[in-house]
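A.B. asks: In case you want the letters, here they are:
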Amino acid sequence: MKRSATAQLDSLLTGLEQLVLDDNAAPLVQDTEQVRQVIARTMKRPAQPKKSSLLIEKLSLLRELGTRRPDLRPKLGLAYQGTSRPTAQEVDALIEAMVNAGEIKRDK
Amino acid sequence: MVKGVPRVLASRKELEAALASLSEAELAQLKQLASIRAMGLAQMDWSDLLQEALARALSGSRGWPNGVPLVAFLAQTMRSIANESWQAAQRADAAASDMADRQPESVDPETEAAAAETIRRVRALFDGDAEALAVLEGLAQGATPADIQRAASMTPHQYAAAQKRIRRRLAKHSSETNL
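Read top to bottom, the protein sequences are chains A and B. Position 81 of the first sequence, counting from 1, maps to 81 under the numbering used here, and the rest follow consecutively. Position 27 of the second sequence, counting from 1, maps to 27 under the numbering used here, and the rest follow consecutively.
You may find that some hints are simply not true.
[Stated by the list, open to error] Listed next, the in silico SDA-like pairs over lysine to any residue satisfying Cα-Cα at most 20 Å (straight line):
| hint | chain 1 | residue 1 | chain 2 | residue 2 |
| --- | --- | --- | --- | --- |
| 1 | B | 172 | A | 22 |
| 2 | A | 44 | B | 20 |
| 3 | B | 172 | B | 120 |
| 4 | A | 2 | B | 137 |
| 5 | A | 44 | B | 61 |
| 6 | A | 2 | B | 142 |
| 7 | B | 13 | B | 45 |
| 8 | B | 172 | A | 44 |
| 9 | B | 172 | B | 160 |
| 10 | A | 2 | A | 14 |
| 11 | B | 164 | A | 23 |
| 12 | A | 2 | B | 73 |
| 13 | A | 2 | B | 144 |
| 14 | B | 13 | B | 63 |
| 15 | B | 13 | A | 45 |
| 16 | A | 44 | B | 160 |
| 17 | B | 172 | B | 142 |
| 18 | B | 164 | A | 21 |
| 19 | B | 172 | A | 2 |
| 20 | B | 172 | B | 126 |
| 21 | B | 172 | B | 45 |
| 22 | A | 44 | A | 33 |
| 23 | A | 2 | B | 112 |
| 24 | B | 172 | A | 18 |
| 25 | B | 172 | A | 32 |
| 26 | B | 172 | B | 155 |
| 27 | B | 13 | A | 37 |
| 28 | A | 2 | B | 109 |
| 29 | A | 44 | B | 22 |
| 30 | B | 172 | A | 31 |
| 31 | B | 172 | B | 121 |
| 32 | B | 164 | B | 109 |
| 33 | B | 164 | B | 131 |
| 34 | B | 164 | B | 147 |
| 35 | B | 13 | B | 59 |
| 36 | B | 13 | B | 23 |
| 37 | A | 44 | B | 63 |
| 38 | B | 172 | B | 161 |
What the hints contain is simulated information worked out from the structure, not anything from laboratory work.
Construct the entire structure; sequences and hints are all you get.
C.D. replies: Below, the structure is given as C-alpha cells:
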C-alpha cells in the first residue's frame with residue numbers, strides 16, 4: 001500500500017533530524033545568537049502551557065484560512081490579511097465570527 | 001527506560017541551567033532541527049517552533065526526562081508540535097470544505113498536497129546529488145540504511161559520504177533561514 005505524502009514527509013524529516021542529532025563533527029559556523037534570543041525570551045515568559053497550545057491551534061486555523069480562503073476575510077470583516085501575525089484578540093474574534101457564520105464548528 | 005520504572009523529570013531550575021549551558025554546537029543543532037521541522041508549516045517558522053517547545057518544557061506541560069539529552073528532547077517536542085500543526089491544518093481544510101464529518105484517519109487532499117510540496121522542496125535542496133536524493137527517498141519510505149544502500153547500489157562509504165553532504169546542506173539551509 002502506498003504511503004501517504006504526509007507519512008512520507010514525517011519519515012523524511014525524522015530521518016533528517018536523526019542525521020543532525022548523530023552529527024558529532026564540528027558544525028559549520030552559524031549565527032547562534034538568534035537561538036540564544038529565543039531561549040532568553042521564552043525563559044522570561046510566565047508559564048501558560050494550555051493557553052500557548054490553544055493559541056498555536058487558533059493561529060494555525062487562522063493562517064490556513066487566511067491563505068487558502070481569502071474570500072472569507074471580507075465576509076467576516078477581518079483586519080487580518082494573512083500577511084502578518086494577528087493578535088490573540090483578532091484570532092479570538094475570527095474564530096467567533098467563523099463559528100457564528102457557520103464556517104466552522106466548535107468541537108463537542 | 002526500564003519498563004515499569006517511572007521517569008524522573010528535571011525541574012524547571014535544572015532545565016534553565018541546562019539551557020544556559022548549551023554549547024555553540026548544540027545551539028546550532030537546535031536551529032537546524034527547528035528549521036527541518038518547520039519545513040512545510042505555513043503558520044510557524046523555526047523560531048516559533050523552538051519557542052513553543054521551550055515554553056512547554058519550561059511550563060512542565062512537557063517534562064524533560066532525566067538521562068535524555070536536552071537537544072534530543074527538544075527535537076522530539078518540536079516534532080510533536082509540528083504534527084499537531086499539520087493535524088490542525090487538516091481540520092481547518094475539513095471545516096473550510098464543509099467536510100467536518102470526515103473520518104479523522106482519512107487523508108485530506110490539501111494536506112497531502114502541502115506535504116508533497118514540502119517533500120519536493122526538501123529534495124530541491126539536493127538537486128544534482130543522486131546519492132543524497134536516494135538517501136532522502138529511502139528515509140521517506142522508512143527504509144533502513146542497508147535497504148537504501150542496496151536499492152541505490154551504494155557502498156557503506158558512499159552512503160556515509162552522502163549523509164555527510166546532507167548534513168552540510170542542512171546546516172547551510174539552516175544558516176540561510178533567518179526569518
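A.B. asks: It remains to establish, for every hint, whether it holds in the given structure.
C.D. replies: How the hints compare with the structure:
The straight-line distance between the Cα atoms of residue 172 (chain B) and residue 22 (chain A) is roughly 17 Å, inside the 20 Å bound, and the hint therefore holds. Distance restraint check for residue 44 (chain A) and residue 20 (chain B): the Cα-Cα separation of roughly 13 Å lies within the 20 Å cut-off, and the hinted pair is therefore satisfied. Between residue 172 (chain B) and residue 120 (chain B) the alpha-carbon distance is near 18 Å, which keeps this suggested pair within the 20 Å criterion. Proximity of residue 2 (chain A) to residue 137 (chain B) is assessed by CA-CA distance (about 14 Å); at most 20 Å being required, the pair is judged to hold.
Among the hinted pairs, residue 44 (chain A) with residue 61 (chain B) is consistent with the structure: their alpha-carbon atoms are about 17 Å apart, no more than 20 Å. Under the criterion of a C-alpha separation no larger than 20 Å, the hint pairing residue 2 (chain A) with residue 142 (chain B) is consistent with the structure, at around 12 Å. Taking the CA atoms of residue 13 (chain B) and residue 45 (chain B), the gap is about 27 Å. The hint is violated against a cut of 20 Å. Of the supplied pair hints, the one linking residue 172 (chain B) and residue 44 (chain A) is violated, its CA atoms being roughly 30 Å apart against a limit of 20 Å.
The straight-line distance between the Cα atoms of residue 172 (chain B) and residue 160 (chain B) is roughly 19 Å, inside the 20 Å bound, and the hint therefore holds. Distance restraint check for residue 2 (chain A) and residue 14 (chain A): the Cα-Cα separation of roughly 19 Å lies within the 20 Å cut-off, and the hinted pair is therefore satisfied. Distance hint between residue 164 (chain B) and residue 23 (chain A) is fulfilled; the C-alpha atoms sit about 9 Å from each other, no more than 20 Å. Between residue 2 (chain A) and residue 73 (chain B), the direct Cα distance comes to roughly 31 Å. Violation of the 20 Å bound is thereby established for this hinted pair.
In summary, the hint linking residue 2 (chain A) to residue 144 (chain B) is supported, as the alpha carbons are separated by about 17 Å, within the 20 Å threshold. With a C-alpha separation of about 13 Å, the suggested pairing of residue 13 (chain B) with residue 63 (chain B) holds against the 20 Å cut-off. Proximity of residue 13 (chain B) to residue 45 (chain A) is assessed by CA-CA distance (about 15 Å); at most 20 Å being required, the pair is judged to hold. A C-alpha spacing of about 42 Å is found between residue 44 (chain A) and residue 160 (chain B), which places the hinted pair above 20 Å, so the restraint is violated.
For the suggested pair residue 172 (chain B) and residue 142 (chain B), the alpha carbons sit about 25 Å apart, so the restraint of at most 20 Å is broken. This hinted pair checks out: residue 164 (chain B) and residue 21 (chain A) have alpha carbons roughly 13 Å apart, not beyond 20 Å. Only pairs whose Cα atoms come within 20 Å are accepted, and residue 172 (chain B) paired with residue 2 (chain A) is rejected, the gap being roughly 32 Å. Taken as a hint, the residue 172 (chain B) and residue 126 (chain B) pair is honoured in the structure, with Cα atoms around 12 Å apart against an allowance of 20 Å.
Only pairs whose Cα atoms come within 20 Å are accepted, and residue 172 (chain B) paired with residue 45 (chain B) is accepted, the gap being roughly 17 Å. The hinted pair formed by residue 44 (chain A) and residue 33 (chain A) meets the criterion: a straight-line CA distance of about 17 Å does not exceed 20 Å. Restraint check: the Cα-Cα separation between residue 2 (chain A) and residue 112 (chain B) comes to about 13 Å, which is no more than 20 Å; the hinted pair holds. A distance of roughly 17 Å separates the Cα atoms of residue 172 (chain B) and residue 18 (chain A); the hinted pair therefore holds under the 20 Å criterion.
Under the criterion of a C-alpha separation no larger than 20 Å, the hint pairing residue 172 (chain B) with residue 32 (chain A) is consistent with the structure, at around 13 Å. Between the alpha carbons of residue 172 (chain B) and residue 155 (chain B) the distance comes to roughly 26 Å, so the proposed pair goes past 20 Å and is violated. A distance of roughly 19 Å separates the Cα atoms of residue 13 (chain B) and residue 37 (chain A); the hinted pair therefore holds under the 20 Å criterion. Between residue 2 (chain A) and residue 109 (chain B), the direct Cα distance comes to roughly 15 Å. Compliance with the 20 Å bound is thereby established for this hinted pair.
At roughly 17 Å between alpha-carbon atoms, residue 44 (chain A) and residue 22 (chain B) fall within 20 Å of each other, so this suggested pair holds. For a cut-off of 20 Å, the pair hint linking residue 172 (chain B) to residue 31 (chain A) stands: about 11 Å separates their Cα positions. Of the supplied pair hints, the one linking residue 172 (chain B) and residue 121 (chain B) holds, its CA atoms being roughly 15 Å apart against a limit of 20 Å. A threshold of 20 Å between alpha carbons decides the hint, and for residue 164 (chain B) with residue 109 (chain B) the separation of about 35 Å lies outside it, so the pair is violated.
Taking the CA atoms of residue 164 (chain B) and residue 131 (chain B), the gap is about 11 Å. The hint holds against a cut of 20 Å. Taking the CA atoms of residue 164 (chain B) and residue 147 (chain B), the gap is about 18 Å. The hint holds against a cut of 20 Å. Simply put, residue 13 (chain B) and residue 59 (chain B) have alpha-carbon atoms about 11 Å apart, close enough for the 20 Å limit, and the pair holds. A threshold of 20 Å between alpha carbons decides the hint, and for residue 13 (chain B) with residue 23 (chain B) the separation of about 18 Å falls inside it, so the pair holds.
With a C-alpha separation of about 19 Å, the suggested pair residue 44 (chain A) and residue 63 (chain B) falls inside the 20 Å cut-off, and the hint holds. Proposed proximity of residue 172 (chain B) and residue 161 (chain B) is supported: the alpha carbons are some 17 Å apart, at most 20 Å.
The structure does not agree with the numbered hints 7, 8, 12, 16, 17, 19, 26, 32 stated previously, though it agrees with the rest.
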